[in-house]
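Chains as they are written, first to last, in my numbering: chain A, 1 to 111; chain B, 112 to 189; chain C, 190 to 433.
Just so you know, the hints here were simulated from the structure itself, not pulled from any lab data.
As the structure is a prediction and not an experimental result, all values here were calculated from the model.
Hints may be right or wrong, so weigh each one.
Quick list of in silico lysine-lysine cross-link-like pairs, DSS-like style, CA-CA up to 25 Å [stated by the list, open to error]: (1) LYS216(C) to LYS296(C); (2) LYS278(C) to LYS96(A); (3) LYS353(C) to LYS96(A); (4) LYS278(C) to LYS216(C).
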Amino acid sequence: MSLLPYFVAGWLLLIGCFGVVRSRDLIHTVVCVAIAQSGTYVLLLSTGFQYGASAPVQGAPGPVVDPVVQALTLTDIVVSATVTALLLALVIQIAKRTDTVDPDKLDELRG
Amino acid sequence: MTPLLVVAFLLVAAGGTVVVLTHEPSRQAVTLSVYGVLLTLLFVLLQAPDVALSQVAVGSAVVPLMVLLAVRKVRGKR
Amino acid sequence: MTRSARWIVFWLGAGGVGALIVLALLKMPSFGGIVHPYRELSVPAAIGRSAPNIVSSVNFDQRALDTLGEETILLGSVVGAAALLRPSKDEREQLDQDEGRVLEATKLLGYLMLPVTLIVGLDVVTHGHLTPGGGFQGGVVLATAVHLLYVAGSYRMLRRVRPKTWYQVAEAVAGGAFVILGLVGLLLTGAFLANIFPRGVLGDLFSSGTVFYLNVAVGAEVTSGVVVLLSGFLAQALSVREVR
Chain A
1 MSLLPYFVAG
11 WLLLIGCFGV
21 VRSRDLIHTV
31 VCVAIAQSGT
41 YVLLLSTGFQ
51 YGASAPVQGA
61 PGPVVDPVVQ
71 ALTLTDIVVS
81 ATVTALLLAL
91 VIQIAKRTDT
101 VDPDKLDELR
111 G
Chain B
112 MTPLLVVAFL
122 LVAAGGTVVV
132 LTHEPSRQAV
142 TLSVYGVLLT
152 LLFVLLQAPD
162 VALSQVAVGS
172 AVVPLMVLLA
182 VRKVRGKR
Chain C
190 MTRSARWIVF
200 WLGAGGVGAL
210 IVLALLKMPS
220 FGGIVHPYRE
230 LSVPAAIGRS
240 APNIVSSVNF
250 DQRALDTLGE
260 ETILLGSVVG
270 AAALLRPSKD
280 EREQLDQDEG
290 RVLEATKLLG
300 YLMLPVTLIV
310 GLDVVTHGHL
320 TPGGGFQGGV
330 VLATAVHLLY
340 VAGSYRMLRR
350 VRPKTWYQVA
360 EAVAGGAFVI
370 LGLVGLLLTG
380 AFLANIFPRG
390 VLGDLFSSGT
400 VFYLNVAVGA
410 EVTSGVVVLL
420 SGFLAQALSV
430 REVR
């Protein structure tokens with residue numbers, strides 16, 4: 001039970017990849033990539049946690065949780081949202097040029 | 112491990128599964144928003160208020176909005 | 190490759206990755222343990238530099254170079270998305286005449302929450318070194334505050350209040366300000382992004398040196414970046430039409 005958080009993180013990564021492979025719509029694929037990314041946030045924050053410790057703001061009594069992994073995760077969240085936006089913009093362009101967003105129908109390279 | 116943390120982790124795993132198994136992207140925007148709130152709750156329970164602030168603004172408002180706008184643009188083409 | 194071939198490859202790959210994940214995770218220190226070497230180093234360093242919010246201190250003072258890299262990724266993806274979402278040569282922007290109806294309750298809530306959200310966003314940005322918050326979080330809150338005008342009013346109203354070029358210029362200037370602060374640190378002390386401003390008393394608004402100014406720069410950049418991004422998506426979905 002004490003390894004549950006790490007397995008939840010691994011599960012989120014694998015279920016995100018499963019969604020990418022199964023998807024029939026490119027926008028669904030982009031959202032599944034975002035789910036896979038959230039697995040890494042859960043993993044990072046779980047490694048820094050300590051029972052009975054408080055948030056990393058000074059002035060809190062007692063020990064604090066690890067602040068370095070929180071610093072890594074919070075910039076990661078905002079930046080990956082903009083990368084998701086870039087992927088969605090690509091999907092919109094694909095829809096405009098080829099009139100479909102089904103990945104199975106998009107398998108030719110156009111010269 | 113406190114029961115609250117166990118429930119929060121299991122809810123996040125279930126929420127992620129539900130988002131992946133939703134087929135329609137316009138419905139996925141709603142489930143993605145709920146998943147963002149579940150993640151925020153988990154981050155607060157893990158004593159990470161900075162990260163929770165980031166996640167609630169980004170994952171519950173900005174990304175679902177962009178998904179819905181992309182769906183509307185692409186709607187006629189599928 | 191065919192769909193079934195893709196599934197076979199996926200299950201083989203997922204099986205391998207899953208097995209490796211399980212093997213690796215079994216050796217992790219147990220959840221909630223006491224051994225956190227990064228915490229032992231970063232917390233005293235942050236207190237010594239008068240920044241009570243240790244996460245902000247790590248982001249903008251101790252590892253400011255990584256934040257510069259993340260900020261550049263943000264700038265790059267916003268530029269890329271804005272370029273991809275530009276109307277192409279056979280498209281024109283035509284605003285719909287009929288904007289639809291907004292419920293009165295939505296209008297009231299939107300107009301009430303708009304100044305509140307703006308002030309909360311500014312507070313989160315400027316107090317980033319004292320309480321949980323900072324440039325990244327506050328920037329996104331400010332950007333969503335601007336778009337409450339779209340939710341409560343109309344798209345036409347949003348366009349009038351949000352000239353896109355101002356935000357594009359603001360994003361570039363804020364990104365440049367981060368680098369300039371770093372270069373000033375380089376000139377004065379020989380270390381890029383060194384903490385050169387006076388540290389002040391722990392808990393004051395103008396304390397912890399460059400963390401305050403870098404927070405404001407990142408807040409401005411994230412706000413402008415998200416507004417530019419959303420403006421591209423809104424324009425494509427609502428007003429760009431094909432003209433054959």
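Original post:
Is LYS278(C) within 25 Å of LYS96(A), Cα to Cα?
Top reply: Status holds; Cα separation ~12 Å.
Original post:
Would the pair LYS216(C) and LYS296(C) pass a check requiring their Cα atoms to be no farther apart than 25 Å?
Top reply: Violated. LYS216(C) to LYS296(C) sits at ~54 Å, over the 25 Å cutoff.
Original post:
Given the proposed pairing of LYS353(C) with LYS96(A), does the C-alpha separation stay at or below 25 Å?
Top reply: Between LYS353(C) and LYS96(A) the Cα gap is close to 24 Å, so the pair holds against 25 Å.
Subject >> Given pair status - LYS216(C), LYS278(C), alpha carbons within 25 Å >> reply: violated, 57 Å
In summary, the numbered hints that this structure violates are 1, 4.
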